Amino acid sequence: MNNLALTNSFRFISLILLQVVVFNHLNLFKFINPMIYIAWVFLFPFRKNISLLLILSFVLGLSVDFFSDSGGINAAATVFIAFVRLPILKLVLNKSDFDYWSFNLRLLPFSKAFLFIAILTIIHHLIIFSLAYFSFQDFLSIISKAFLTSVFSITIIILGIALLTKKK
Amino acid sequence: MQQLIYFIKKFRFFLLFLLLEIFAFNFTLQYHSYHKSKFVNSANLISGGLYNKLNSITQYLHLKTENQLLIEENVHLKNLLDKKGVVPTPASIQVTDSVLYNQKYEYTTAKIINNNFTKRNNYLTINKGSKEGVETESGVINGRGIIGVIKNTSSNYATILSILNNNSKINVRLKNNTHFGTMVWDGDDYNTTQITDIPRQAIIKKGDTIITGGKSSLFPEGIPVGTIKDYDIKNNQYIQINVVLFNDMSALENVQVIKNLEKIEQRNLEQQTINE
Chain A
1 MNNLALTNSF RFISLILLQV VVFNHLNLFK FINPMIYIAW VFLFPFRKNI SLLLILSFVL
61 GLSVDFFSDS GGINAAATVF IAFVRLPILK LVLNKSDFDY WSFNLRLLPF SKAFLFIAIL
121 TIIHHLIIFS LAYFSFQDFL SIISKAFLTS VFSITIIILG IALLTKKK
Chain B
1 MQQLIYFIKK FRFFLLFLLL EIFAFNFTLQ YHSYHKSKFV NSANLISGGL YNKLNSITQY
61 LHLKTENQLL IEENVHLKNL LDKKGVVPTP ASIQVTDSVL YNQKYEYTTA KIINNNFTKR
121 NNYLTINKGS KEGVETESGV INGRGIIGVI KNTSSNYATI LSILNNNSKI NVRLKNNTHF
181 GTMVWDGDDY NTTQITDIPR QAIIKKGDTI ITGGKSSLFP EGIPVGTIKD YDIKNNQYIQ
241 INVVLFNDMS ALENVQVIKN LEKIEQRNLE QQTINE
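Chains A and B are the protein sequences, given in the same order.
Residue 1 is where the first sequence starts when you use this note's numbering, and the numbers rise one by one after that.
Residue 1 is where the second sequence starts when you use this note's numbering, and the numbers rise one by one after that.
Excised from the complex, chain A in its bound form (with noise of 0.2 Å):
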């Protein structure tokens, strides 16, 4: 437990700092930052007791937004993932229960695992470019850039996942 709680921080600090050092300055294309602070939420153990998760999904986006000055857009939708997490992975299951403390996302077959970080990531990004452009007029350029940025999110975060986490 200990060294689940070590590992839990030790992620969430380095992934703050990979974010606003280097993913927030990439600008590839003109314009695409993949966001990939949110693998945290994706990796943190599954309990039935999401307090904790939700407590900490808040400080890391707003942890994010203190450095790239964005209000709170980035805890809004950081919380709003951390609290559909379960639900969404539920329904890629197709299970309603299963064991909580054997989980482990890489024991999943590709296909459901891809599903559910790229469901995540892309609610997640529709909500970030809905709230920093705050308006009905550039729907378009919200929903453009939220699928262009989501790609990269999702390949950097599966290639992340899949190379520095280990299989139990």
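Worth double-checking, as some hints may not be accurate.
With a cut-off of at most 16 Å between alpha-carbon atoms, the simulated EDC-like pairs for lysine to aspartate or glutamate come out as follows [said to hold, decoys possible]:
1. B/Lys64 / B/Asp248
2. B/Lys234 / B/Asp197
3. A/Lys30 / B/Asp248
4. B/Lys263 / B/Glu137
5. A/Lys30 / B/Asp188
6. B/Lys259 / B/Glu135
7. B/Lys169 / B/Asp197
8. B/Lys229 / B/Asp188
9. A/Lys30 / B/Asp189
If you only want the chain A side, here are some residues facing chain B, beta carbon under 8 Å, derived [what the hints assert, rightly or not]:
10. Phe58
11. Phe67
12. Asp69
13. Ile73
14. Ala75
To be clear, the hints were calculated from the coordinates, so they are not data collected in a lab.
Predicted model, so just to flag it, every value in this text is computed and none were measured.
Beta carbons are placed, not taken as given, at the ideal position from N, Cα and C, and that holds for glycine.
Here the structure of chain A is known, so what remains is to put chain B in place on it, guided by the hints.
Just chain B now, kept in the frame of chain A:
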């Protein structure tokens, strides 16, 4: 009462979720309003310090463009001196009588340690704060043109509301006549901004120079902004005027913060006139 407790117990995660979202939305609304000072900003010890450290590593990459900027500004200033007929030798230094001459603007140098230009609402961070006399609502420029307005300050750092921001409205005018308008940004390209409110009797041409108007207390008049790229006319009204900025907003390093020493006087006078 028991039912209430049961309700809270049953929906405790959802209530926590709602509470956190309300906090986040509150910060977001603050972020979208121009007048509210922002609690969430990067002018704090941790993010400012980190960006400062990073900048000290990456600043060497910009040396070439920074030198070019300095030379351009020097040439511009030398041309100005020559127009006024002042020979820049030590013997010709004039002593200005401070009783007769009133200084209106004071310039401070600062360095941009965090630059953003791809988002809808861009904020920059500089490495000078209230300790060095940087105040909120001061204009920020560099040798090529305007950059933004100071939004939040801490003791060592300050954030700038970039001209590439939905909340940024800068008073600008044409260089060859005195018609003025407001510069805004539509969020598409970081090299082009838009001008609204130019009256229909103003004659504009492609390539006309745009400068700051001096109607606000933030910028002195005549700071270069950009040139007109294209415009649309419908029913004798200017619909959209696109301006190409002189500044490359993606590569900013050294900037100057303008402090208006007569700002309070001007504000008070304007306020008094409104109240009467």
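Outcome of the hint check:
A hinted pair counts as satisfied when its Cα atoms are at most 16 Å apart, and lysine 64 of chain B with aspartate 248 of chain B qualifies at roughly 14 Å. Under the criterion of a C-alpha separation no larger than 16 Å, the hint pairing lysine 234 of chain B with aspartate 197 of chain B is consistent with the structure, at around 14 Å. At most 16 Å may separate the alpha-carbon atoms for a hinted pair to count; lysine 30 of chain A and aspartate 248 of chain B meet this at roughly 13 Å. Annotation: proposed proximity of lysine 263 of chain B to glutamate 137 of chain B holds, straight-line Cα distance about 10 Å (limit 16 Å).
Using a Cα cut-off of 16 Å, the hinted pair lysine 30 of chain A and aspartate 188 of chain B holds, with the two alpha carbons roughly 11 Å apart. For the hint pairing lysine 259 of chain B with glutamate 135 of chain B, the CA-to-CA distance comes to about 8 Å; that is within 16 Å, so the pair holds. A C-alpha spacing of about 11 Å is found between lysine 169 of chain B and aspartate 197 of chain B, which places the hinted pair at or below 16 Å, so the restraint holds. Taking the CA atoms of lysine 229 of chain B and aspartate 188 of chain B, the gap is near 15 Å; set against the 16 Å cutoff, the hint holds.
At roughly 9 Å between alpha-carbon atoms, lysine 30 of chain A and aspartate 189 of chain B fall within 16 Å of each other, so this suggested pair holds. Annotation: interface hint on phenylalanine 58 of chain A holds; nearest CB of chain B at approximately 5 Å, less than 8 Å. A distance limit of 8 Å between C-beta atoms decides the matter here; for phenylalanine 67 of chain A the minimum to chain B is near 5 Å, and the interface restraint holds. Checking aspartate 69 of chain A against chain B by beta carbon gives a least distance of about 4 Å; that is within 8 Å, so the hint holds.
Hint status for isoleucine 73 of chain A relative to chain B: holds, with the closest Cβ pair at about 6 Å, below 8 Å. About 4 Å separates the beta-carbon of alanine 75 of chain A from the nearest beta-carbon of chain B, less than 8 Å, and the hint is met.
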